[in-house]
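Engineer: Chain residues, written in single-letter form:
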Amino acid sequence: MKSVILEKIIIEVINLSKQYGGKDVLKDISLKVYEGDTVVIIGPSGTGKSTLLRCINLLTKPDSGIIKLDDIEITSPETNGDEVRQHIGMVFQDFLLFNHLTALGNVSIGLTKVLGMREDKAKEKAIKELERVGLGENVDQYPGQLSGGQKQRVAIARSLAMDPRVILFDEPTSALDPELIGEVLEVMRMLVKEGMTMLVVTHEMGFAREVADRIVFIENGGVVEEGPPNELFYSPKVERTREFLWKIAELYGQNQERSIDGDDQ
Amino acid sequence: MGSGQMVAARSIGMSRIKAIRHIILPQAIRIAIPPWSNEAATVVKDSSLVYALGVAEILRRAQFVSARTYEPFLAFSIAALIYFVLTFVTNRILDKVERRIEIPTTQVA
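Residue numbers (the numbering used here), protein chains in the order written: chain A, 1 to 265; chain B, 1 to 109.
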């Protein structure tokens, strides 16, 4: 699925900066996401990871810098943000499903109200997307009737339905009970296999090591180190990276062990 | 309602106006109906205050009738009955609406 010779850049962030109340949240950050790649962003809380995703999705306006989607500058003032967001999926930590709509409604509303698709066509596609994330039986249930893991999978189906160029995941498993994390990661692994371009902020190191093409370690609004998982996990160049990974491993120790076991199967 | 609903709506490419129409309003109305229901009853009963402006509303009319017929008890009883029917019917209708558009949930809030 990935061509080595001619990899296309889907998202390019160039020297992006953002301040909140005089504090630098993002400092001159640059990042490239190639087509079909899974890039995982790791780093301590409050270091601008979420802000970076929100900037890429034009939900937050950066102070300076350029963001390109498919080589088109989306940070220019002429850009229609609504149109850009149709092509960039986003999955949130706290799901943010539309509470008054069924699973089916959540997935199809973008198709009918944003893309102007006919009701029956939209329904058909929405059911297909829900089946893809393993929720074919839950189409008529409301968010209030679903478990956290199911909610997050509906949220993933909601972004998939728009056929996005890239999906941004903002700590998609952080709000889930430990036993529900697996089903969400499984869906994400499936997307990786299908060649979806993904930019994922997560603390799930097992998942990162397993599926990421590149890992970017961000701290204090800047990239500390980036590279393929093996390099970053086993021979980090920067001492701070080693320190952070060690801390995370200690914190989620057993979790990581389980993930590694999973790899072997 | 959390601001997240708007963010989520925008994230799938909805304009602000579409988001308000399809996501925010349908939920806001559900939240607003129970207090409305109380408000409606209060408004009906407070209508007697316009008497102060010289408008003859239900209570004032009852007074007119009792002055003419010398049957204050009957006149005011009927006025009371009218108030009751008005508030009861409005509450019942809003209750029905509330139940009809209620969002199913299995969670204990």
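In short, the hints are calculated from the structure, not lab data. A couple of the hints might just be wrong.
Said to hold, decoys possible - Computed list of chain A residues with no C-beta within reach of chain B, every gap over 12 Å: (1) S45; (2) T47; (3) D70; (4) G105; (5) E239.
Stated by the list, open to error - Listed next, the in silico DSS-like pairs over lysine-lysine satisfying Cα-Cα at most 30 Å (straight line): (6) A:K125 to B:K96; (7) B:K18 to A:K113; (8) B:K96 to A:K113; (9) A:K125 to A:K113; (10) A:K125 to A:K193; (11) A:K237 to A:K27; (12) A:K8 to A:K237; (13) A:K121 to A:K61; (14) A:K23 to A:K61; (15) A:K61 to A:K27; (16) A:K121 to B:K18; (17) A:K128 to B:K96; (18) A:K68 to B:K18; (19) B:K45 to A:K123; (20) A:K193 to A:K23; (21) A:K27 to B:K18.
All figures in this text were calculated on a predicted structure; none of them were measured in a lab. All C-beta atoms, glycine included, are put in the ideal place defined by N, C-alpha and C.
Engineer: Straight-line Cα separation of K125 of chain A and K193 of chain A no greater than 30 Å?
Structural biologist: holds (21 Å)
Engineer: Could you check that no beta carbon of chain B comes within 12 Å of the beta carbon of E239 of chain A?
Structural biologist: Check passes; 37 Å lies beyond 12 Å.
Engineer: If you draw a straight line from the CA of K125 of chain A to the CA of K113 of chain A, is it 30 Å or shorter?
Structural biologist: Distance ~14 Å between K125 of chain A and K113 of chain A Cα, so the pair holds.
Engineer: Keeping to a limit of 30 Å between CA atoms, is the pair of K125 of chain A and K96 of chain B held or broken?
Structural biologist: violated (34 Å)
Engineer: With the threshold set at 30 Å, check whether the alpha-carbon distance from K61 of chain A to K27 of chain A stays at or below it.
Structural biologist: With a Cα-Cα distance of about 14 Å, the restraint between K61 of chain A and K27 of chain A holds, given a limit of 30 Å.
Engineer: Verify the proposed pairing of K8 of chain A with K237 of chain A, using a straight-line Cα cut of 30 Å.
Structural biologist: holds (27 Å)
Engineer: Going straight from one Cα to the other, do K121 of chain A and K18 of chain B come out at no more than 30 Å?
Structural biologist: holds (20 Å)
Engineer: Would you check the hint for K193 of chain A and K23 of chain A, treating anything up to 30 Å between C-alpha atoms as holding?
Structural biologist: violated (39 Å)
Engineer: Just want to verify: S45 of chain A was marked as not at the interface with chain B; is every Cβ pair farther apart than 12 Å?
Structural biologist: holds (18 Å)
Engineer: Does K61 of chain A lie within 30 Å of K121 of chain A when you go C-alpha to C-alpha?
Structural biologist: violated (35 Å)
Engineer: Taking only the CA atoms, is the gap from K18 of chain B to K113 of chain A under or equal to 30 Å?
Structural biologist: OK: K18 of chain B and K113 of chain A at ~8 Å, within 30 Å.
Engineer: Should the label of D70 of chain A as a non-interface residue stand, given a Cβ cut-off of 12 Å to chain B?
Structural biologist: Its Cβ never comes within 12 Å of chain B, the nearest being 16 Å, so this holds.
The structure shown violates the earlier hints numbered 4, 6, 13, 17, 19, 20 and 21.
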